[in-house]
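**Student:** This is what each chain is made of:
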Amino acid sequence: MGMGKLKARHILGIAHLGMEEISFILDTAVSMKEIMERPIKKVPPLRGKTIVNLFFEPSTRTKLSFELAAKRLSADTVSIAASTSSVVKGETLIDTARNIEAMRPDIIVIRHSMSGAPYMLSRHVGSAIINAGDGTNEHPSQALLDLMTVREHFGRIDGLKVTIIGDIAHSRVAHSDILAFTRMGASVTVCGPATMMPPEPGELGAKVCLDLKDAIRDADVVMALRIQKERLGRLSPFPSEREYADRFGISTAIEPYLKKDVIIMHPGPINRGVELSPEIADGINSVILKQVTNGVAVRMALYTLLLADLQEHG
Amino acid sequence: MDPAQDVDFVGDVLVHEDRIEHIASEIDVPPSTKIVELSGKWIVPGLVDMHVHLREPGEEYKETIETGTRAAAAGGFTSVACMPNTCPSNDNSGITRFIIDRAKDSGRCRVFPVAAITVGQDGKGLTEFGDLLSAGAVAFSDDGLPVQNPAVMRLALEYSLNFNALIISHSEELELSKEGCMNEGKMSTRLGLKGIPVAAEEIAIFRDICLAKLTGARLHIAHVSTAGSVEIIRNAKAQGVRVTAETAPHYFSLTEEAVAGYNTFAKMNPPLRTERDRRAIIEGLRDGTIDAIATDHAPHNSLEKECEFQLAANGIIGLETALPLALKVLVNEEGFAPVQVMRLMSSNPASILDIPGGGLRPSGIADITIIDPEEEFTFTRDTIHSKSYNSPFLGLVFRGRAISTLLGGMPVFDANGLFDIGY
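Top to bottom, those sequences are chains A and B. So for the first sequence, the numbering used here puts the first residue at 1; every next one is plus one. So for the second sequence, the numbering used here puts the first residue at 1; every next one is plus one.
Calculated from the structure, these hints are not laboratory results. Idealized CB from N, CA, C, for every residue including glycine. Any given hint could be a false lead.
[Said to hold, decoys possible] Over 10 Å on every C-beta distance to chain B, these chain A residues come out as not near it, computed from the model:
1. Ser23
2. Asp27
3. Ser31
4. Pro45
5. Glu152
6. Arg172
7. Gly185
8. Leu212
9. Asn271
[Said to hold, decoys possible] Below, in silico cross-link-like pairs of lysine to aspartate or glutamate (DMTMM-like), each with a Cα-Cα straight-line distance of 25 Å or less:
10. Lys186(B) to Glu200(A)
11. Lys178(B) to Glu200(A)
12. Lys186(B) to Glu203(A)
13. Lys178(B) to Glu57(A)
14. Lys305(B) to Glu230(A)
15. Lys194(B) to Asp220(A)
16. Lys194(B) to Glu20(A)
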């Protein structure tokens, strides 16, 4: 496949990736996507390599995406869900990881409920680490697939206007996306209840706009985030789904304020009728399913580039 | 230097057994007298740390009274006041007596127990203030936790009036700080961590000061960390409220930037704040709004620190870096007079707690610290006397430290063998 290598030894977050590295990953992902369009969706470059998925939080789509990406490249992959593991018996994260490392995986993909966990792990364990989502910090592979989807559609990222709507303060997807899109030259506006805006959005590079119509008016990309219904109740940052949908949901009612050629994105899973109406979610501007396809391609690219790096350095 | 008398001159100190006999610019002594040549060094009262955690009873794997007081002596402290959040808590005279006895047996400095305000530090029922004071407690605090219910805090302040006892408050509005693990601001946004807003401290300090005003009781605010808190305390003092305050060396030396890379060795409560707060703390020390420097020495084991940031325990050790940091930041960078720093670290805490110490006068106990303001030393794991090493200052080179500490005339720490004991 003639790939070069990444500077990074791990994929811990967009914060640690430069513009060139990101472009490189996206270019690699494009060639990976081509493999997925073939009738036989399997190539051998990672044959004999082992990838362990260590998921401390429930996940269907992300885990599946990481698993499929590994299998497409002929790697051996094993998934561990924390609730069935020794973590229930009180084993610390470092011990769990060290025990797995002792079985010599090449890559550990980790999703954890605490920000910084993959970073901490990378200091104690020798395998390459991919962050599949850590607390409210980052979800780099999601941001990369979002970049890929936008670039695919518009032919560029530079100069585009991106609006992200939702619980920005608690969304690792938003955090990674803001960093990724601004790094690649887009401008990012965030919108939602003020209770859900991060304390210092300027620190990440985003502008806050509390009015939905103003926020989406010139947007080329509108990304809606999942509202966590489980947060309703005590200390809920918003009073009801109804009010959220009314004020911040993208529906046909708000369509007149969208650019005609806007694309609608969502990391999934969607709360239909809350952040996106069914018409918008399934409409012609929606690229949500393309995001999912690109997700596998991006993850294939990450594996390939990380292991190419390891191969070179032994 | 004697901050109690506000004097700073070049001279001799004559010590006989456990007492200071004479202080003058020149003392003639009989030939049999042992002379320790200390030109260029500073002779100051033994330092007093009014806020340490010695972890005994119950958490001896992190620190014991022996190792903690050894660390204190190495830091130039001859007296420490230890907080009650041990296991079990120091909420009854039995534990108070235990701590005092252990300190007599194995301690390298004087230990003054602070007893809990509420039983089990549960914030509900008052402890037996009278009994605890008789057993040797010097003040009351639920440190580690605030007294969350203002009605209970009011009772505690009122009850303290019967004894003229001191209430030390860990002021924190728990509902605002819940789940936060560092300062809320730029750094927490960058790291994707839930933050603790400054309001969580300021609201609680204001509340406690209002209650002190209401009751007329004495109140001491522990570990002040924000600019807003300093202002609230300044105003309260101007109104005549009987409030004093302390801050820790890390609040005048570091900011939230120290947490970069999810560094659990920079995680403590209250958290490290912004540069603006750091500057306000320094000005508070300068103008007397903050009366004392207290380390909040909080030893933790790798079990509690080598883990996910949110799960890591709060606190850093501080006994052995307090004086070097005060010299580096306050004296060298900020131009504080050395005797003023000694006041913040000896006579003020001693008088707030109403314990002996913090002065150098004839017939006083010879608790003396010798400081070499020029001696360089590198703070590494090997040099640490504490049982734990959780400090963000590991690896730093300091200029200026305590080189000898005398407790009642006896050297309990003597880095360069000046007093012939060889520690």
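**Student:** For every hint, state whether the structure bears it out.
**Tutor:** Here's how the hints hold up against the structure:
No beta-carbon of chain B is positioned within 10 Å of the beta-carbon of Ser23(A); the least distance is around 23 Å. Even its closest Cβ contact with chain B, about 28 Å, leaves Asp27(A) beyond 10 Å, as expected for a residue assigned away from the interface. The claim that Ser31(A) lies off the interface holds: its Cβ sits roughly 31 Å from the closest Cβ of chain B, which is beyond the 10 Å cut-off. The beta carbon of Pro45(A) sits about 33 Å from the closest Cβ of chain B, which is more than 10 Å, so the claim that it is off the interface holds.
Non-interface status of Glu152(A) relative to chain B is upheld: no Cβ of that chain comes within 10 Å, the nearest being about 28 Å off. Not every beta carbon of chain B lies more than 10 Å from that of Arg172(A), the smallest distance being close to 6 Å; the non-interface claim is violated. With a minimum CB-CB distance of about 21 Å to chain B, Gly185(A) clears the 10 Å threshold, and the non-interface call stands. With 10 Å as the threshold on Cβ separation, the claim that Leu212(A) sits away from chain B holds: the shortest Cβ distance comes to roughly 23 Å.
For Asn271(A), the requirement that its beta carbon stay farther than 10 Å from each beta carbon of chain B is met, with the minimum near 23 Å. Between Lys186(B) and Glu200(A) the alpha-carbon distance is near 5 Å, which keeps this suggested pair within the 25 Å criterion. For the proposed pair Lys178(B) and Glu200(A), the alpha carbon gap of about 19 Å is at most 25 Å, so the pair holds. At roughly 6 Å between alpha-carbon atoms, Lys186(B) and Glu203(A) fall within 25 Å of each other, so this suggested pair holds.
Taken as a hint, the Lys178(B) and Glu57(A) pair is honoured in the structure, with Cα atoms around 22 Å apart against an allowance of 25 Å. A hinted pair counts as satisfied when its Cα atoms are at most 25 Å apart, and Lys305(B) with Glu230(A) does not qualify at roughly 31 Å. The hinted pair formed by Lys194(B) and Asp220(A) fails the criterion: a straight-line CA distance of about 31 Å is larger than 25 Å. In summary, the hint linking Lys194(B) to Glu20(A) is not supported, as the alpha carbons are separated by about 31 Å, beyond the 25 Å threshold.
Figure legend: structure checked against the earlier numbered hints; hints not met, in rising order: 6, 14, 15 and 16.
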